[in-house]
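In order, the protein sequence lines correspond to chains A and B. Numbers 1 to 495, taken from the working numbering, label the letters of the first sequence in order. Numbers 1001 to 1466, taken from the working numbering, label the letters of the second sequence in order.
There could be a bad hint or two in this list.
What the hints assert, rightly or not - Chain B regions said to be covered by chain A (calculated; three or more residues, Cβ under 8 Å):
#1 1114-1121
#2 1301-1312
#3 1382-1389
To be verified - Pulled from the structure, derived: some chain A residues nowhere near chain B, Cβ distances all over 10 Å:
#4 ALA53
#5 ILE66
#6 VAL141
#7 ILE178
#8 ARG433
#9 LEU469
Keep in mind the hints are simulated off the structure, nothing from the lab. Just so you know, even glycine gets a beta-carbon here, dropped at the ideal spot from N, CA and C.
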Amino acid sequence: MLGPIVFLPLAAAAVLAAVRRMPDGVARWSWVAVTVAELALVSVAIARYDTPAGGGLAFEQQVPWIPSVNSSYHVGVDGLSLPLVALTAVVFCACAVYALREDRRPRAQAALFLFLQSVCLGVFVAQDLILFFVFFDLSIVGMYFAIAGWGHGNAARSALKFFLYTFMGSLALLVGFIGLYLAADPHTFDIPELAAAAPLADSPVVGGLVLAAVLVGLAVKTPTVPFHTWLPPAHTDASAVGSAVLAGVLLKLGTYGFVRIAMPLLPHAWQGWSWVILTIGIISVLYGALVALAQTNVKRMIAYTSVNHMGYVVVGVGAAGIVSGGAQARELAVTGAVTQMVSHGLITAALFLLAGLLQDRTGSYDMADYGGLAKPAPRYSGLFAVAAFASLGLPAFSGFIAEFQVFTGSIGATWIAALALPGILITAALFLRAVQRLLTGPTAGRSGGFADVGVREGVAIGGLLVLALVIGVVPGPLLDLITPASQTVVDLVSR
Amino acid sequence: MNEDPLALLPEIALLAGAVLSLLSGSFLPRRRQWVARLIAVAALLTAGVGAALTVGGPTRTVFDAFALDAANGIVRLVVVAATLLVIGLGVDELAGTTRESETYALLLLSALGAVVVASTTDLLVLLVSFLLGSIPLYGLIGMARSPGSAEAALKTYLLGALFGILLMLGITVLYGVGGSTSYGQLAAGLRNAPPAAVAAGVVGVLAGLLFKAGGVPGHFWVPDATQAAGTTASAFLTTVPKVGALVALYRLVMVLPGSVDWPLLVAVLAALTMTLGNLAAFAQTDVRRLLGWSTVSQVGYLLLPVAVAGRSAQALPSLLLYLGCYAVTNLTAFAVVAALPRRRTLEEYQGMAAGHRWLGAALLLSLLSLVGTPPTAVFIGKLTVFSAAWDGGFAWLVVVAAANTVASLFYYLRWIAPAFRGGPAPPAGERRPFAAGAAVLAGGSVLALGLAAGLVSSLVEGPLAG
């Protein structure tokens, strides 16, 4: 089941890359077709998914790969990864629909994004550290070309910065993985085996250093303060779909690594460092929100709110390591963190696609260039307002469900987490201000003659927001999926 | 008695091939020099088949000085495959030139030197094979007959002479205090020898072999030679001698007694080599010179398993794996360079991928592999080498190597970025089908080696002979 899900986009990418004389229209629509097929495959997987007993994996598959270092092609999904697999399929599908208007090398773009989709899905299903790392690194290479090839402004420089930063992170991650491998007896890269063994439990110093390496790797990708500086330029200069994928899916590779690798494999070190992680999370929440408040560039502002939103995830997983807090509260925090990954993916992808429309129509992201968009572009204004309210955590949207659980859980574990609460207030302020400056008032600046959202763009952006609304109104199915897995994680980290 | 000439079939084939291609070249008219090339290729294929037949066979030593083991088997295969690839990427450059057959003869002789230096278990044979491997290089570098290549040849020659003497000096000292030149007896003899004398001898031998490998302190010739020599010669001299020298180093350090802290010495040299190679590569604009420095930094990573020789079970397998992966990756990059002779600087690679899709893909694969991006060949090499080094107690060196890897990304990207950016239409240069074919073939192998690492990794397991 997982094989086709992961490798179908890759195969399609190879075909698209190889067939040189393909008309642009065919390339665009075959990209959409493949992502829709992916969506169907993932839906089938979700329908057939039964929470495996005892914290195990569903659709598991293991084939020896490099036997000499005990690394295998080991894939499987559980309640942590399946929501993110679904998110990946949704975000890429929305991007494919949105990019139907792309006229810059659409065949190459389709091939590149299908490749990216494959490697992102690969990260979420990987149950072997080397396999995880392979996909993790390839996502960086793919994103580099997406920014450098289809970006604007200072794209080459931003892409280089992105590559250097995240590649440094991935090497720190690799060093950490090698440490885990050597600490296990027998040496292995298998994640479930390592989780069962918790190899560095008896050596706090080495365990702390290995966790530090893994944390740096994941923190760069997430990104948290102080490793976030690659994010704003990368987002500002990337194309709309590039930004949407970067924020919607790629940032989750980092936070997913916390719950999949760092917490279960290094429980003791995680407990010891949980205060540091919690602090970094709180700082990310506040700093991201404050800097976002100061932005005049719409896309930069959304980029910094990503730092803020990913901060909630870090607060949640950090609080989960504080064993003195109740187990139930910490489970809630982890469930909230995973829900936040899904929610942020949907809402921020929609916001970036909306920001991309500004660039597409007028060539400017600057808020000062706009005003009163509601009159010439009512559909755009409606979508933007909905996305902004969803992002600031209005009830009935997924963001509320996520942040509510993160805060209830983390404050239940320790009152310190409450220090992050002002983040919500600042985010609300900045989004309201953006809505005000862009949409309301007399039509001014470049707003005049602004072409409203077309059908395809509307379907892509609206689809993402509808999903965020559905999760917000009927969160039950998603939470039922995540909760057993977060119980397992909390059990593992409390050892 | 262990005199079994048949066991040396691959080496004999290389020697015979060198002699025959030289002789035939002397009697053939200019336009029929391809016969010499055929002879060289046939000799290499014979050697390759002979080597492949013995892989996985029993571990033994013949003529008291030549080890037949996993290391020897892999070195033979890698050297033969690399030399074949070098000839493949060089055909367009060499065909019909005045020194075609001589080039093949020198390539085969130097390849023979590399195999013997990697397989010998006797200091005297080590010296002879060092010279056999190095002297043809001087000729190969000077063959381009440009002022630059003359300078590079002279520089290489002078440095080679200096480090050759250091090697001889080291061997003399080790023989003097150890009482034998054969590794088996030397190990016993050195155990009770004065540590200062052993250290002096080791430094000499190490310096000599590092010249051949192109590592600090014997690396000065590499960038000059790589930039100024013909592409065929550059590709060869940055690949094959390293394979021989690094395995020779490994065999040698296994003999050394614990009274000398050679692991630390090798580790420091490794750190210096990779750091210097990377720092120097930063500012380069000539792609050959950039590749030259990049090969220096790669030697740094290759020294990691040597530093933990005998202390990690994965040391030798990881070294051999990395050597094979490095050889094919480095040659892919050179094959791309050979296929585009008009483009010499990074700016001239602007828009290259648009005009040459396959070459662009091969270049991307080879450079990402040199960085160590999965799932390419060198990633597997780096992974195993890092694990071995950490396992052997050099965690700090792994961190240095990881930091260097990040740094190296910067200059490889300086090459990838313009190649994949849009640019002016590439000038319609001469077509070089052989080099392009070699680049695509090697590029495919880079990916295949990375994906099928499990199959390869079983080949490199096995103890040293003797």
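Right, here's what the structure says about each hint:
1. Only when three residues or more bring their CB closer than 8 Å to a CB of chain A does the claim for the stretch 1114-1121 of chain B stand; here the count is 0, and the claim is violated.
2. Only when three residues or more bring their CB closer than 8 Å to a CB of chain A does the claim for the stretch 1301-1312 of chain B stand; here the count is 0, and the claim is violated.
3. Coverage of the stretch 1382-1389 of chain B by chain A holds in this model, with 4 residues showing a Cβ closer than 8 Å to a Cβ of that chain against a need of three.
4. Its beta-carbon lying about 31 Å from the closest one in chain B, ALA53(A) satisfies the requirement of being farther than 10 Å from that chain.
5. Distance to chain B contradicts ILE66(A) as a non-interface residue, since its nearest Cβ pair spans about 5 Å, not more than 10 Å.
6. With a least CB separation of 6 Å from chain B, VAL141(A) falls inside the 10 Å interface cut-off, contrary to its annotation.
7. Under the 10 Å C-beta cut-off, the non-interface status given to ILE178(A) relative to chain B is violated; the minimum distance is some 5 Å.
8. With a minimum CB-CB distance of about 38 Å to chain B, ARG433(A) clears the 10 Å threshold, and the non-interface call stands.
9. The claim that LEU469(A) is not at the interface with chain B holds, since no C-beta of that chain comes within 10 Å of its own (minimum 39 Å).
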